[in-house]
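Trainee: Sequence lines, in order, name chains A and B. So for the first sequence, my numbering puts the first residue at 1; every next one is plus one. So for the second sequence, my numbering puts the first residue at 1; every next one is plus one.
Because the hints were derived from the structure by calculation, they are not lab data. Wrong hints could be hidden among the right ones.
Claimed, not checked - Mimicking DMTMM-like on lysine to aspartate or glutamate, the simulated pairs with C-alpha atoms at most 25 Å apart in a straight line are:
#1 B/K286 / A/E75
#2 B/K81 / B/E139
#3 B/K32 / B/D313
#4 B/K32 / B/E198
#5 A/K112 / A/E75
#6 B/K197 / B/D336
#7 B/K32 / B/D345
#8 A/K28 / B/E181
#9 A/K112 / B/D161
#10 A/K137 / A/D53
#11 A/K112 / B/D159
#12 A/K65 / B/D161
#13 B/K286 / A/E107
#14 A/K137 / A/E158
#15 A/K28 / B/D183
#16 A/K151 / A/E131
#17 A/K39 / B/D136
#18 A/K39 / B/E139
Stated by the list, open to error - Some chain B residues judged to face chain A by a derived CB distance under 10 Å, without partners named:
#19 L47
#20 T122
#21 E132
#22 V179
#23 E181
As the list claims (entries may be wrong) - Computed list of chain B residues with no C-beta within reach of chain A, every gap over 12 Å:
#24 A50
#25 K176
#26 L193
#27 K197
#28 L201
#29 G293
Cβ atoms here follow ideal geometry from the backbone N, Cα and C, with glycine treated the same way.
Take a look at the letters that make up each chain.
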Amino acid sequence: MIAYFRLVFRSTWAFVEGLWITLRYLFKPSVTVQYPTEKLVPYDAFRGALLFDPATCIACSLCAKACPSACIALESQVHPETKKRVPKVEWYTLDLGKCNFCGLCQEACPTKPKSVWHGLDYEFAFSNRDEMVRCWKPGFPLAGRVWDPKKKAFRDLESHIPVRDVEARR
Amino acid sequence: MDTMFVNLGPQHPSTHGVLRMGLTLAGEVITKAVPDIGYLHRGTEKLMEARSYAQCVVLTDRWDYCSAMPNNLAFCLSAEKLLGTQVPPRAQTLRVVMCELNRIASHLIFLGTYGIDIGAFTPFLYVFREREMILDLYEALCGARLTYNYIRLGGVASDVDADWISKCREFLEFFKPRVDEYDTLLSFNPIFLARTKEVGLISQSAAVSWGLSGPNLRGSGVSYDVRKSEPYCGYEAYDFDVPVGEHGSCWDRYFCRVQEMRQSVRIVEQALAKLPEGELSAKVPKIPKPPPGEAYAHVEASRGDLGIFLVSDGGAAPYRIHVRAPCFINLAILQDILVGKKVADVIAVLGSFDIVLGEVDR
Numbered sequence: 001m002i003a004y005f006r007l008v009f010r011s012t013w014a015f016v017e018g019l020w021i022t023l024r025y026l027f028k029p030s031v032t033v034q035y036p037t038e039k040l041v042p043y044d045a046f047r048g049a050l051l052f053d054p055a056t057c058i059a060c061s062l063c064a065k066a067c068p069s070a071c072i073a074l075e076s077q078v079h080p081e082t083k084k085r086v087p088k089v090e091w092y093t094l095d096l097g098k099c100n101f102c103g104l105c106q107e108a109c110p111t112k113p114k115s116v117w118h119g120l121d122y123e124f125a126f127s128n129r130d131e132m133v134r135c136w137k138p139g140f141p142l143a144g145r146v147w148d149p150k151k152k153a154f155r156d157l158e159s160h161i162p163v164r165d166v167e168a169r170r
Numbered sequence: 001m002d003t004m005f006v007n008l009g010p011q012h013p014s015t016h017g018v019l020r021m022g023l024t025l026a027g028e029v030i031t032k033a034v035p036d037i038g039y040l041h042r043g044t045e046k047l048m049e050a051r052s053y054a055q056c057v058v059l060t061d062r063w064d065y066c067s068a069m070p071n072n073l074a075f076c077l078s079a080e081k082l083l084g085t086q087v088p089p090r091a092q093t094l095r096v097v098m099c100e101l102n103r104i105a106s107h108l109i110f111l112g113t114y115g116i117d118i119g120a121f122t123p124f125l126y127v128f129r130e131r132e133m134i135l136d137l138y139e140a141l142c143g144a145r146l147t148y149n150y151i152r153l154g155g156v157a158s159d160v161d162a163d164w165i166s167k168c169r170e171f172l173e174f175f176k177p178r179v180d181e182y183d184t185l186l187s188f189n190p191i192f193l194a195r196t197k198e199v200g201l202i203s204q205s206a207a208v209s210w211g212l213s214g215p216n217l218r219g220s221g222v223s224y225d226v227r228k229s230e231p232y233c234g235y236e237a238y239d240f241d242v243p244v245g246e247h248g249s250c251w252d253r254y255f256c257r258v259q260e261m262r263q264s265v266r267i268v269e270q271a272l273a274k275l276p277e278g279e280l281s282a283k284v285p286k287i288p289k290p291p292p293g294e295a296y297a298h299v300e301a302s303r304g305d306l307g308i309f310l311v312s313d314g315g316a317a318p319y320r321i322h323v324r325a326p327c328f329i330n331l332a333i334l335q336d337i338l339v340g341k342k343v344a345d346v347i348a349v350l351g352s353f354d355i356v357l358g359e360v361d362r
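The following block holds chain A by itself, in its conformation from the complex (with noise of 0.2 Å):
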């Protein structure tokens, strides 16, 4: 009979302890953000969204040669008397379906500023498979545009990423 007695208390109590640990927390400040009304900024060395500079490239396939999952491809554009390639790139496409956001490529590219790097955009949420692959011309934006086989044309990203550049990284 004390026995009994003695585990209803036991039990009771150890209810109580964390009942009182949940109590305590129930007046500080919350933890939550409510994405997606509230959004964090991450820190400057996250790995988001690749980011790509036609400008500054100088098409010497080291990130190409870096990616583990072998998700970049360029051309180099040829001079158009001397039939020479030059060290400027004709078209450069990403796909970040297969990126493994290891940073490899960010890291291998020569030029300063980086011609290739992570920005800080997380959010990846689209509708069809061919936003993934992302294309570079000289003159498109830093985020890509996507080619619409459709159309036969690049459009711009349906799905908004705003683009936050991270000038210390680059």
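Could you slot chain B onto chain A? The hints should help.
Mentor: Using the frame of chain A, we list chain B on its own:
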């Protein structure tokens, strides 16, 4: 008595991934249990044979996704053995800090999910609060919250500054009293004790003969820790204890992890106090080509003894790689210890092993 075959998993939340258990039941008692794996198989070891050593580190993040730093470290240690690289002391210390923080984060996930398995939801919310703080530290340093790719061949990717160190110390101070809260909420809760004490007992000899490692082995009272038996990254210079259990029950395995979190805090504090100045990385070629040979390195990962066996033929990619994944080996004993238990105990036993299927299937 007629028996009945029941599938537990692969989508059951308590199978912690995609493990399927084929259970043969006589009433409520298990007469046969067969863990069926392979639903997550990605062939990482084969993929690595077509990638350079630096690119392989990226793939190691995907094995034990709850604690990826030791994966990075094990591969790098093995490749550095092949290359004959000497890692600078600052990088060694940072590796220790990162791996111990990751051990805390990993054990926190275990704590929360094991609580849910047993029926306690509240600790799950609290452990994620603390884990977030560790992930914030990681994000500030290496830019990722899950697949870090921070430990590199010859060293680490980026350096810590005074601000980061002070944030890390703040976290440790915040975290220490939280472990006592977990004890109150879960470890010594009568319902939790009733579900886990004297359940899923593994004797010392069984634990050793089945090749268990990590807290699952230490829960049975065997004091084996790679950090003590074969120290790497200068672990011999740190003052810490190896917690061991007494009976090898689910609770012993659980409580070993709780105690390990306290020890990890001690190690991180010591590491931050003596963080040496100097280089972050040794000089390693961008595409290393180690001489032909083989190397094996193992580390004490959050879930046990993680070993990497590398064979080089002198090329830029490993000729062959094999991973000794602790979860894969820990899982085998289930077929032995579940026989004679009841269905409700399966969840308690399976949860206490803290499996991550990414590592089991690789």
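Trainee: Looking back at the numbered hints, which does the structure fail to meet, lowest number first?
Mentor: 2, 3, 12, 22, 24, 26
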